[in-house]
Amino acid sequence: MTKRQMYMKMLLSSLLRRRSRMTVALLAIAIGATVLLGMMTITYDIPRQMGREFRSYGANMVFVASGKDAMLKLTDVEKAAALLPQESLLGVAPYRYEAVRSNMQPYTVAGTLFDQVKKTSPYWNVEGGWPSEENELLIGSDVAEFTRLAPGNTMTITGRDARQRRFNREMTISGVVRTGSVEDGFLFMRLDTMERLTGRSGEAEVVEVSIAANEAELSALAARIRERVPGITPRLVKRVTQSETSVLSKLQALVTLVTLVVLVLTMICVATTMMTVVMERRKEIGLKKAIGAENRSIVAEFLGEGLCLAILGGLLGVVFGWGFAQTISMNVFGRSITFNFALVPVTILTSVVVTAAACLIPVRRATDVEPALVLRGE
Amino acid sequence: MNELENNILELKDVSMIYGAGGQVKALQNINLTVVQGEWLAIMGPSGSGKTTMMNIIGCMDRPTSGAVILDGQDITKLSPRALTAIRRDKIGLIFQQFHLIPYLTALENVMVAQYYHSMIDEAEALQALTRVGLQDRAKHLPRQLSGGEQQRVCIARALINYPKLILADEPTGNLDEANEKIVLDLLRRLHAEGSTIIVVTHAPEVGEHAEKTIFLEHGRVVKTTRNR
Chain X
1 MTKRQMYMKM
11 LLSSLLRRRS
21 RMTVALLAIA
31 IGATVLLGMM
41 TITYDIPRQM
51 GREFRSYGAN
61 MVFVASGKDA
71 MLKLTDVEKA
81 AALLPQESLL
91 GVAPYRYEAV
101 RSNMQPYTVA
111 GTLFDQVKKT
121 SPYWNVEGGW
131 PSEENELLIG
141 SDVAEFTRLA
151 PGNTMTITGR
161 DARQRRFNRE
171 MTISGVVRTG
181 SVEDGFLFMR
191 LDTMERLTGR
201 SGEAEVVEVS
211 IAANEAELSA
221 LAARIRERVP
231 GITPRLVKRV
241 TQSETSVLSK
251 LQALVTLVTL
261 VVLVLTMICV
271 ATTMMTVVME
281 RRKEIGLKKA
291 IGAENRSIVA
301 EFLGEGLCLA
311 ILGGLLGVVF
321 GWGFAQTISM
331 NVFGRSITFN
341 FALVPVTILT
351 SVVVTAAACL
361 IPVRRATDVE
371 PALVLRGE
Chain B
1 MNELENNILE
11 LKDVSMIYGA
21 GGQVKALQNI
31 NLTVVQGEWL
41 AIMGPSGSGK
51 TTMMNIIGCM
61 DRPTSGAVIL
71 DGQDITKLSP
81 RALTAIRRDK
91 IGLIFQQFHL
101 IPYLTALENV
111 MVAQYYHSMI
121 DEAEALQALT
131 RVGLQDRAKH
141 LPRQLSGGEQ
151 QRVCIARALI
161 NYPKLILADE
171 PTGNLDEANE
181 KIVLDLLRRL
191 HAEGSTIIVV
201 THAPEVGEHA
211 EKTIFLEHGR
221 VVKTTRNR
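Taken in sequence, the protein lines are chains X and B. Residue numbering for the first sequence is 1 to 378, as defined by the numbering used here. Residue numbering for the second sequence is 1 to 228, as defined by the numbering used here.
Derived by calculation from the structure, the hints in this document are not laboratory data. Predicted, not measured: the structure shown is a model, and the values here were computed from it. The reader is advised that the hints may include incorrect statements.
[As the list claims (entries may be wrong)] Computed from the model, here is a short list of chain X residues facing chain B with C-beta under 7 Å:
#1 8
#2 11
#3 12
#4 13
#5 14
#6 18
#7 22
#8 228
#9 230
#10 231
#11 284
#12 290
#13 292
#14 293
Beta carbons are placed, not taken as given, at the ideal position from N, Cα and C, and that holds for glycine.
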């Protein structure tokens, strides 16, 4: 047997044959590693999770026409949308506005793609149904209140087409929308219906875009679109993106702080356990020194034990931490967590560093044990 | 070889005083010579200075004054690290409470002394256990051994690195009569083979096996007897 094999034998025997004490130390490290990995996973995943959550509060980018053009070309919009990361792109809703009248009252009607509006503006509260047929209309709650119209009623709208010819169309109200904003005073119809009525197609005045991205990423995407699609001027919806960034950074700072507190608590817990281990093994240390062990041998044995516990505790922490993060994500965000494998070595390495730091004082104490105590029968 | 060259241990005017004001004089001007192959017993009541003397001879403590010459080397001025090396190379320790490492088998407990000393030789460690009659208990943990068996493992561990001096602190203090006899027979055999043995004991029946006995009281040698 070589000295290295004997060292390993002593290490493993100490760990395996003194299970109860070692289990306590292992648990302390594993719990710390669990919380660490869980928190780091959540910190890493918060922008993705919260980004999607924030998207329910509306679009975070709008496209408007560049220069003096009043209208955007939908072909340009398609080009611009193709430049966006498709996995993060939640919806692209074009809006085209026309002035119409109904019962002599002026209204603004917006033509849009309702399947996209549902994605970019999930906060729209629709009573009744979304327009699905060509002659269906969605009216704002203020309009509904003013006209005393309700889903199922009809509304006749009149306006002028591209050649200034008058059009007149009786439409069925599919639903009433309430947003608490300007939309409450508008009428909405399918974009293709509006194109047919006005005889003009392939245009929009504004396009609302919803992307799961932070402010920096959005700015980079906007710059890219500005450069590659000259007909479009992308703009960030500052009130949304800035509050997102602010909330996210605060949340991440909070989670980081909690993680640090957990690390310190773990260190105290491991240090206390190792201290107890040293106290319990004073006689053994004294004996080893009495029969000729150098201080460095004692240090190597204790640190070796600590290292084994740290690696094992770190591995357990990875498994339990993933479960912990997954549970939190499912309960808080209602979505599955994305596991970042780069956090595995980070967790194990942190466990090793924290355990080594926690072992420093106990190990120093171990080297201070006098060999003479084995003769005193203490 | 003259007697001076044959001395394995010499204590010259060794004193040990504890406490800031020198209140506790554990040893006072002790002079002692142990020749190679001699069996010395140190006896005395509790508090007489036996353990202090054992600590000094065993390189686990340094005297306040005087000189301790072990195997021709003055150990009183040596650093703790150098004292560790001397313990490792020249002294075999036998304890009243055996002090076996609880998570290692009997064989591994013997091999631990080899590990700290130089090279591991499992066959030699097993031979040492055979010498104390425990070859069949080599794979047992200390808790699976009787007190007498544990003490024999402790003796095997003390012998494994061929020490110049065997220091035994109350080696039969925790044993019943039958095991006491086994351990004393072992020490007798070691002595017959030429080992130098120093035993600290309360028990006259242990002390009477030694060639020479010194009696301590209040840190002084009050009597020296030669038994044979």
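Hints and how they fare:
Restraint check, residue 8 of chain X versus chain B: the minimum CB separation of about 11 Å is more than 7 Å; hint violated. Annotation: residue 11 of chain X was flagged as interfacial toward chain B, and the flag is violated, the nearest CB pair being 10 Å apart, outside 7 Å. Because the closest C-beta pair between residue 12 of chain X and chain B is about 9 Å apart, greater than 7 Å, the hint is violated. A hinted interface residue such as residue 13 of chain X counts as satisfied when its beta carbon comes closer than 7 Å to some beta carbon of chain B; here the least separation is about 5 Å, so the hint holds.
Taken as an interface hint, residue 14 of chain X checks out: its beta carbon lies about 5 Å from the nearest beta carbon of chain B, inside 7 Å. The closest approach between the C-beta of residue 18 of chain X and any C-beta of chain B is roughly 6 Å, which is under the 7 Å cut-off, so the hint is satisfied. Evaluation of the residue 22 of chain X hint against chain B yields a violated restraint, the C-beta minimum of about 10 Å exceeding 7 Å. Hint on residue 228 of chain X is violated. Least Cβ distance to chain B is approximately 70 Å, over the 7 Å limit.
About 77 Å separates the beta-carbon of residue 230 of chain X from the nearest beta-carbon of chain B, more than 7 Å, and the hint is not met. With 7 Å as the threshold, the beta carbon of residue 231 of chain X stays out of range of chain B, its nearest partner Cβ sitting at about 78 Å, so the hint is violated. Nearest Cβ of chain B to the Cβ of residue 284 of chain X: about 6 Å, under the 7 Å cut. The hint holds. A cut of 7 Å between beta carbons decides the hint on residue 290 of chain X: the least distance to chain B is about 6 Å, and the hint holds.
The interface hint given for residue 292 of chain X is met, as the beta carbon of that residue sits about 3 Å from the closest beta carbon of chain B, less than 7 Å. The interface hint given for residue 293 of chain X holds, since its Cβ lies 5 Å from the closest Cβ of chain B, which is under the 7 Å cut-off.
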